[in-house]
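Engineer: Given the structure of chain L, go ahead and fit chain X onto it with the hints provided.
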Amino acid sequence: MTSSTALEIAEGLRRSREYARALEAYQALLVETETPSAPVCLGLARCYQGLDADSEALAWLARVVDSGQDYRHWQAAARLMDKAVQRLGPAVKGVKRTARLWLTGSSTLVQLTPLLRLAALRAGVLVVVGEGAYGQYRQDILDPASPLYQFDPDFVLTLVDHEELAFPAYAETPDEFVASTADSMAALWDIVSSRTRARLIASNIAIPLEEPFGHLAARLPGTRRSMLQSLNGRLAALASERGIALLDADALSSEIGKRSWFDSRFWHLSKQAVSFDALPALARRLAALIAAELGLAKKCLVLDLDNTLWGGVVGEDGVAGIKIGPGDPRSEAYSAFQSYVKGLQAKGVVLAVCSKNDEAAAREPFETRPEMILKLEDFATFVANWETKPENLSHIAKVLNIGMDSLVFVDDNPAEREIVRQFAPDVDVVPMPSEPSDYVRALSDYLGFETVVFTKEDQQKTAQYRAKAEIARLESSATSIDDFHRSLQMRAVIAPFDDRHIARIVQLIGKTNQFNLTTPRLSEAEVRALMAAPGAAHFYLKLRDRFADHGLVSLIMGRPLGDALDIHLWLMSCRVIGRTVETQLLATMSEAALERGLKRLRGTFVPTAKNSMVSQVYPAMGFALEETLADGVSVWSYDVSALGPIRGGRMDVETRAYATVEGADS
Amino acid sequence: MTVEERLTALFQDVFGDEDLIATDELTAADVEAWDSVAHINLMFAIEQEFAVQFEGNQLAEFENVGALKAWLADRAG
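Here the protein sequences come in this chain order: L and X.
Here the first sequence stands for residues 1 to 666, where the numbers follow this note's numbering.
Here the second sequence stands for residues 1001 to 1077, where the numbers follow this note's numbering.
It should be emphasised that the hints constitute simulated quantities derived from the structure, not laboratory data.
Incorrect hints may appear among the rest.
Quick list of in silico lysine to any residue cross-link-like pairs, SDA-like style, CA-CA up to 20 Å [to be verified]:
(1) Lys375(L) - Asp358(L)
(2) Lys83(L) - Lys1069(X)
(3) Lys271(L) - Ala1038(X)
(4) Lys83(L) - Glu1032(X)
(5) Lys93(L) - Asp66(L)
(6) Lys271(L) - Gly1056(X)
(7) Lys83(L) - Gly1056(X)
(8) Lys271(L) - Gln1012(X)
(9) Lys342(L) - Gln460(L)
(10) Lys347(L) - Arg441(L)
(11) Lys258(L) - Glu210(L)
(12) Lys342(L) - Ile373(L)
(13) Lys83(L) - Lys93(L)
(14) Lys271(L) - Gly1016(X)
(15) Lys83(L) - Ala1038(X)
(16) Lys83(L) - Leu1020(X)
(17) Lys83(L) - Ala1033(X)
(18) Lys347(L) - Asp1035(X)
(19) Lys511(L) - Thr451(L)
(20) Lys347(L) - Thr451(L)
(21) Lys258(L) - Ala1038(X)
Partial list, derived from the structure: chain X residues whose beta carbon lies under 7 Å from chain L [unchecked claim]:
(22) Glu1032
(23) Val1037
(24) Ile1040
(25) Asn1041
(26) Phe1044
(27) Ala1045
All residues carry an ideal CB built from backbone N, CA and C; glycine is no exception.
The shape of chain L in the complex, shown without the other chains (with noise of 0.2 Å):
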């Protein structure tokens, strides 16, 4: 029997509302793919559907995202979605955030709200969208009683198309254009930053294909193409100086392919500023990027060794007659995925290797094939044995102190990634092609790895995670916790926020789940009016010691509250867990407090998902529960007046009072 019949008889038991039945032939459909197509995800939602079965629903609903990109199943799911949310109402399970999202622009976006929805499910997020009337942006923004400041945004995204601009096929005078053009979106960006606490998510604007100068264009600054050209340059300036994720949607189009993303006739039939065709796409990619802003990126990047680093089986052929390296095909397409795997590596992404080998014979091509691109410093941690691929993500999360929900796993062998998606659920699986040709590609179509900024930290995590796990031998041989604390030789800089480490700062407030006992989710705006309130101490923590700089890595906000300094953000990154850092911090925020005339400190504990390692932490440090409020929150207090400042980091402090010039500290 073909699949396409059997597909055709689960539909018929579906439509007659035999749903068990149904459920048994899609599922049987399931062994014959790893991608199940669109058309069974949404056979099987709609047997759960039908079977009141609203959350193993959605599960399958979720995974028309990975299907493909067609928009007729996208938008059908999207319904069977928006029924399924509701019906579930506060009970959706399997959602990590959600956010209110406000989506303005300058064409119709009523098809691409419900497909962004579907997308932002996929990626972990419950979104809630507000569309603004077509056409209608500038007096979405511009008007303070308009619908947008009503919806109370967590997220504003504008889509702007050329159309809109409406450039002359040549312009005399282009830089006048560009830059007023520019200037007047970046106004519109700010005063949305002025008047909402939302995240700014901007796009560029995708050149069209139809150009009257040809060729020439890109050689005369007049033309069309060469003016919007130097528009998204602007933007992506003025982008970055404000902090504002930025939507590449020319590149987008042109990966989708421009013939495809631009369709006139839905142009002038409904003002479709992107064809049916990208709006899954351009959904996915608004997706990632929301995921990002949230702090859902995937951290660290795990892989297998034999078939997917390089060709052949290395405790088989043996070291000299694994592929990899110039001069042959298949060779080369090894190396070509080993580069863009570095690539990924300088973004930020923590490398670890996860291979069914003996660790001797799963070092060696590294240790003795300079044709290797990836070499052993580039993995954070590197796990060769013969147990099973889920039981050695677990390790590999629990050594980098990650969740498993940060894991990406590649692998060549299907029944491999079969097993971790049945054992290792929460770890992301790339569905890798057959060709090694291939491999970039797919893993360059997986967006979990999308991130919306790039800093110093992101540069040296590699080494930082290393750190870490050398440090876990290092503990073991340690005979008092304090010899430890003292071979680590820790030197850490305190200083109140400074725009330089700004975007550092909102970052690790955007993604720290588990040292956080408050898990604000603020904006750079938020954090810059929370800094110049009245009396406001803040200060940051960087750290190195003499495996790593770890740099920027922890947090503290307080504000005068009563005789009280409140702390109403800390938080520390996982990564420096254990090394006193926290009481060092909060030693800090002591004498801030005495320097202030205040008598007691006083912090608040809100539980979360993934908090429950700071529970104790107040009492841990002396502080004594004042109340305990709704939901678990607890408050607590540590009389400064009475029993001194507190004490006992480990570490050698330099504090500065300002920011320091650049390069000074690294």
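Structural biologist: Leaving out everything else, chain X in the frame of chain L:
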């Protein structure tokens, strides 16, 4: 699958209604969810499914689904 079956699957996707059957007599007025947004979605879906292209807003001019089927059959033939 017959044209009616293909249209039925397509209508159910577009309108999110699993009870909807693309009978000859069906018109836009019979389907509650058939608004201007769904209309454009339907037009795009039919063009994809049957590899045809409507002229302008031709879809709105068919008297009922039967007329649409006849037009589709004409194209296929």
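Engineer: Evaluate each hint against the coordinates.
Structural biologist: Results of checking the hints against the structure:
{"no.": "1", "hint": "Lys375(L) - Asp358(L)", "verdict": "holds (18 Å)"}
{"no.": "2", "hint": "Lys83(L) - Lys1069(X)", "verdict": "violated (30 Å)"}
{"no.": "3", "hint": "Lys271(L) - Ala1038(X)", "verdict": "holds (15 Å)"}
{"no.": "4", "hint": "Lys83(L) - Glu1032(X)", "verdict": "holds (16 Å)"}
{"no.": "5", "hint": "Lys93(L) - Asp66(L)", "verdict": "holds (19 Å)"}
{"no.": "6", "hint": "Lys271(L) - Gly1056(X)", "verdict": "holds (13 Å)"}
{"no.": "7", "hint": "Lys83(L) - Gly1056(X)", "verdict": "violated (33 Å)"}
{"no.": "8", "hint": "Lys271(L) - Gln1012(X)", "verdict": "violated (25 Å)"}
{"no.": "9", "hint": "Lys342(L) - Gln460(L)", "verdict": "holds (13 Å)"}
{"no.": "10", "hint": "Lys347(L) - Arg441(L)", "verdict": "holds (17 Å)"}
{"no.": "11", "hint": "Lys258(L) - Glu210(L)", "verdict": "holds (10 Å)"}
{"no.": "12", "hint": "Lys342(L) - Ile373(L)", "verdict": "holds (8 Å)"}
{"no.": "13", "hint": "Lys83(L) - Lys93(L)", "verdict": "holds (15 Å)"}
{"no.": "14", "hint": "Lys271(L) - Gly1016(X)", "verdict": "violated (24 Å)"}
{"no.": "15", "hint": "Lys83(L) - Ala1038(X)", "verdict": "holds (17 Å)"}
{"no.": "16", "hint": "Lys83(L) - Leu1020(X)", "verdict": "holds (17 Å)"}
{"no.": "17", "hint": "Lys83(L) - Ala1033(X)", "verdict": "holds (14 Å)"}
{"no.": "18", "hint": "Lys347(L) - Asp1035(X)", "verdict": "violated (46 Å)"}
{"no.": "19", "hint": "Lys511(L) - Thr451(L)", "verdict": "holds (11 Å)"}
{"no.": "20", "hint": "Lys347(L) - Thr451(L)", "verdict": "holds (9 Å)"}
{"no.": "21", "hint": "Lys258(L) - Ala1038(X)", "verdict": "violated (25 Å)"}
{"no.": "22", "hint": "Glu1032", "verdict": "violated (13 Å)"}
{"no.": "23", "hint": "Val1037", "verdict": "holds (5 Å)"}
{"no.": "24", "hint": "Ile1040", "verdict": "holds (5 Å)"}
{"no.": "25", "hint": "Asn1041", "verdict": "holds (6 Å)"}
{"no.": "26", "hint": "Phe1044", "verdict": "holds (5 Å)"}
{"no.": "27", "hint": "Ala1045", "verdict": "holds (5 Å)"}
When the structure is compared with the earlier hints, violations turn up for hints 2, 7, 8, 14, 18, 21, 22 and for no others.
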